[in-house]
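Using the hints provided, position chains U and D relative to the given structure of chain H.
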Amino acid sequence: MTTLEGRAAPTPGTADVPAARRRLRAPKGLGALPISVWILLFFILPFGLVVWYSFGYKPGLYVTHANDVLSLDRYGQAASPAFFSIFVRTLKIAVTGTVICLAIAFPMAYWMAVKLAPKWRGIVLALILIPYWTNFLVRTIGWQISLSPEGFVSKTLQWAHLTDGPLHVLYTSAAVQLGVVYNYLPLMILPLYVALERLDPKLLEASRDLGGTVWSTFWHVTIPLSMPGVTAGMLLVFVPLMGDYITPTVLGGASGSMVGQMVAAQFQSAQNWALGSAMAVLLMLAIFGTSAVVGAALKVVGAIATAATSLKLPLKENA
Amino acid sequence: MTDTASVSKPVRRRRIRPGDALLNVWGMLGLLFLFFPIVVIVVFSFNTGRTLQMFEGFGVDAYVSAMNNPAIVNAITVSLITAAGTAVVATLLGTFAGIALTRRPGWWAPGLLVLLGLVMVTPEIVSAISLLPWFVTLGVDWGFDAFNIGQVRLIIANSLFASAVVTFIVRARMTGMNEFLEEAAADLYAPPFRRFTDITLPLIRPAVISGALLAFTLSLDNTVVSSFVSVAGSTPWPVYIFASLKASLRPDIAAMSTLMLVLTLIVLAVAALILRRDPTGEGGGAAGLTSAMVGR
Amino acid sequence: MTQQPHIRALIPEALKSSLTRRSFLGGTAALGVGAFLAACSSSSGGGGGASSDGLNIYTWGEYDDPAVLTDFTAAKGPKITLDSYGSNPEMIAKLSAAKGTTGYDICVPTHSSVQQMATGGLLTELDHSKLPNMKNLTPKVLNTPFDPGNKYSVCKDWGSTGYVYDTTVIKRDLTSWADFLDAAQKEASGSMSFLEDQGEVAFTYFWSNGIDENTTDPAHIAAYRSFILDKIAPHVQAFESSTNASISSSARTLIHCWNGDARLGILANPEPDRYKWVWPSEGANLWQDNWAIVKGAPHEDAAYEFINYVLDPAVSLKELTYIGYNTGIQGIEDAAKKADVKRPDLVFISDAIMSKLVYSQMTSADGTIIGIYDELKAAAGK
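Chains H, U and D are the protein sequences, given in the same order. Count along the first sequence starting at 1, add 319, and that's the number in the numbering used here. Count along the second sequence starting at 1, add 665, and that's the number in the numbering used here. Count along the third sequence starting at 1, add 12, and that's the number in the numbering used here.
Fair warning: there could be bad hints in the mix.
Unchecked claim - To give an idea of the chain U side of the interface with chain D (calculated C-beta under 8 Å), a few residues: (1) 739; (2) 797; (3) 840; (4) 898; (5) 908.
To be verified - Covered stretches of chain H (in silico footprint by chain D; criterion: 3 or more residues with CB under 8 Å from a CB of chain D, positions within the stretch not fixed): (6) 351-365; (7) 598-604.
As the list claims (entries may be wrong) - List time: in silico DSSO-like cross-link candidates among lysine-lysine, alpha-carbon distance up to 30 Å: (8) D:198 to D:288; (9) H:411 to H:618; (10) D:368 to D:88; (11) H:411 to D:198; (12) D:147 to D:88; (13) D:183 to H:474; (14) D:288 to H:474; (15) D:142 to D:152; (16) D:88 to H:474; (17) D:368 to D:163; (18) D:152 to D:330; (19) D:88 to D:142; (20) D:183 to D:91; (21) D:288 to D:350; (22) D:243 to H:411.
These aren't lab readings, by the way, just hints derived from the structure by calculation. Even glycine gets a Cβ: it sits at the ideal position worked out from N, Cα and C.
In isolation and in its complexed conformation, chain H is listed as follows (with noise of 0.2 Å):
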């Protein structure tokens, strides 16, 4: 150790020295100018040109955008009733999914992190990453087959006498629900169980110690510490599900659709790429809005929360 602090400050007589140290610091950020390029030519620009398109309009039946006269119109459209109320049912399947998938996948890391043995953490984990791994169009399909009213899972139903009738869950908006929470519960998962495995057992000791029960365990050392988890799963799983464009295709129908199908169909058969790109747009803003005014929610909760811990600590430490 020392010999090396001794070699970081240029002892005098040997010229080559500073210009080793001046090679290590030569090339300032060379090594991201590829990938900048790369963003830049194949993100920045063609977002660039759909920003573009959106202030433009559809000049013709047959004609797909034109941009020589610019104005706010197509986002007006996009805001229109018919198409708003899409974007309100997305964000609703969205927030609805993203809480569903922190209900379930909670108490799973919770489980996988703190109660299981360490030997069988491992297997559970690549269990838990298996599905992730399967195509996420196969195993949208394997609902779909699964929730058909002739399938097996509405026979099964029929027989024990739990439904009355054929399953109709398929093609409305309780499947989309279904399919998007299993589609991204394992994004929830990961998460979750990185920050609740980083959590050290002898906090939970320690509050034990101090006088704490199991639930005000939880509620003031567990659920503190895994926030960081909880905010980058809720990240990881809203934003995607807002754009989700082969869920609600496969599972949805006419009534399960979201934004993504509505983007879609701008640029695949209604040909207007100017009201297609404006809901784009929006759709981003949405998604940055949304998770801008939860994060502040989340903020203003956690310091809430570290504020009422912090005061009864020491009321408990004079008890």
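Just chains U and D now, with coordinates in the frame of chain H:
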């Protein structure tokens, strides 16, 4: 303290708290839920019927017909080639970016991080609708013929998200690493290139490998962007399934999907094996992969 | 003396593993070169065709006998890849967005779209010398008002629109479009589907109210809009053009479909009598689907060979037997009867019904109709 702990432990083991039992049940149910549609697909891949949804009998007909279907085999080939290309591109771009972000961050670093985050949070549908007109503009209006080749389009489209992922993984790995080894090499008059290949690269090897494998598997799964930008004849596998969804689903799709799942598992097992030899344990195994994936 | 252990601590064991940096870099480079070469060689065709002797067809779902396709490959060589779409706007959108880089050789537009596509520069003018089998087609399907002289298209088949319903759920007899719209609101609520075509959906309303399907009267269109959005939208379960899978798996109670798809679905259903096809009494849409060659097709010669191959009477009969549509070849009806084709009532339209069918046309009201269809999709199935 330790005495009471060792005495109280056996007591806890004999009496499983109802809370723990409940958590066990919840965990098992969760796993069952996660595996349910996968099992359904695997079971239905042995369907001898004409359509996937109607189960008519057990047999391996679907596997035979899937292997003999030129469209399916072509789609799988395209997917694999695209995934390999994406892995190469993403690993190259991401590794250098990750190193630059940790070792030599400059004024541009926060901007690049925001950009990479933006790439990761953009919904696929938005990327899809922006890339297709762009590729057409580049390829047809501006005459760069390379952008009319399906494989090129697919690799470019998939590499954006993948390179962002690799960047974060490499960056996560490198932030934990002290720079003193590279400085030592510099003091020993090693030129920058030798420093990179002999010191840096071996140290971040687990991160690079896991990043490459992640890029590979992410690319195999990419459906939405690929369906927009793909060119006929270079249809990747998920796009083929998506198209069949509109017409009619056959059991050979389930059969080939099962085979692809097995392939993915093998790739991941290989990854786990390679990563397990990482002695520092930080970048190793599934947990390391996970934390690198999500701990951005 | 103590230098040895320090160095050992400094250098991770990673360096000792079998995967040295050389092999890692070399492997990566090899992978990269290999992928690049594979990508280049596999896309040697101009539009990115998978092999230089292939054929890419962009058509409707389940619209060709798979045996015919394999026979063609066996007889002539080119391997065929099929991609499908559910509506003409979808096909047109894809072709016009890509400006000739889709890589498709053949597409199958409905008659009403041919002129629009030709004007938009999406189709190649046909060289009839390469299609000698065109002489096999009946005069009725040649030199049509929508494509005089067959400059851009050749008849693939023609048919009409109607619907099927599940007789185990709907106990009464349905015979008209009015019945269709009524059942959609009652027994089949939440279990019915429309075709993915904005015109076909509009025609269900127009026919049931005795209005000409090609109307441009704003009052009619406004009435259609309020009816479809208020009365029908909440009951729609799906928009689906390739309906045979739903019919054969008894997935829905009431399905808006074309006659050939209905036949395919009914024949494949384990209970062939469960679904009943209806030729609506008021009349319906008459359409003709055509082969056309996409502008910028990478395998034009293979495209001509395929179209010519399918126009052969024997091959055409095979196609008809599978897809269930009249292919317009001379004498095909007699040949089909002789070959004992199943459910000829669904394939060959009687004169009585023919007299009530009307060809759809592109009208000035198209934009509005498309807009209403988009609104319907947004409002559907709440």
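Distance restraint between residue 152 of chain D and residue 330 of chain D, which requires alpha-carbon spacing of 30 Å or less = Between residue 152 of chain D and residue 330 of chain D the Cα gap is close to 21 Å, so the pair holds against 30 Å.
query = If you draw a straight line from the CA of residue 183 of chain D to the CA of residue 91 of chain D, is it 30 Å or shorter?
reply = Outside the cut-off at roughly 47 Å; violated.
query = Within the region 598-604 of chain H, is the number of residues with a Cβ closer than 8 Å to a Cβ of chain D three or more?
reply = violated (count 0)
query = Are residue 198 of chain D and residue 288 of chain D close enough, with their CA atoms no more than 30 Å apart?
reply = holds (18 Å)
inquiry  = Between the alpha carbons of residue 142 of chain D and residue 152 of chain D, is the straight-line distance 30 Å or under?
reply    = holds (21 Å)
message = Given residue 908 of chain U as an interface hint, is its Cβ closer than 8 Å to any Cβ of chain D?
response = Result: holds, 6 Å to nearest chain D Cβ.
key: residue 898 of chain U as an interface hint toward chain D, with CB separation required under 8 Å   = With a closest approach of 4 Å, the residue 898 of chain U hint holds.
inquiry  = Can you confirm whether the C-alpha distance between residue 288 of chain D and residue 350 of chain D stays at or below 30 Å?
reply    = Judged against 30 Å, a Cα distance of about 25 Å means the pair holds.
query = With a cut-off of 8 Å, does the beta carbon of residue 840 of chain U approach a beta carbon of chain D closely enough for the hint to hold?
reply = It is violated, given that the least Cβ distance between residue 840 of chain U and chain D is near 17 Å, above 8 Å.
key: Given pair status - residue 88 of chain D, residue 147 of chain D, alpha carbons within 30 Å   = At roughly 21 Å apart (the allowed maximum being 30 Å), residue 88 of chain D and residue 147 of chain D satisfy the hint.
query = In terms of beta carbon proximity below 8 Å, does the region 351-365 of chain H have 3 or more residues touching chain D?
reply = It is violated, with 0 qualifying residues against the three required.
task = Please work out if residue 411 of chain H and residue 198 of chain D have their alpha carbons no farther apart than 30 Å.
result = Holds, at about 29 Å.
Of the hints listed earlier, those the structure fails to meet are numbers 3, 6, 7, 10, 16 and 20, in rising order.
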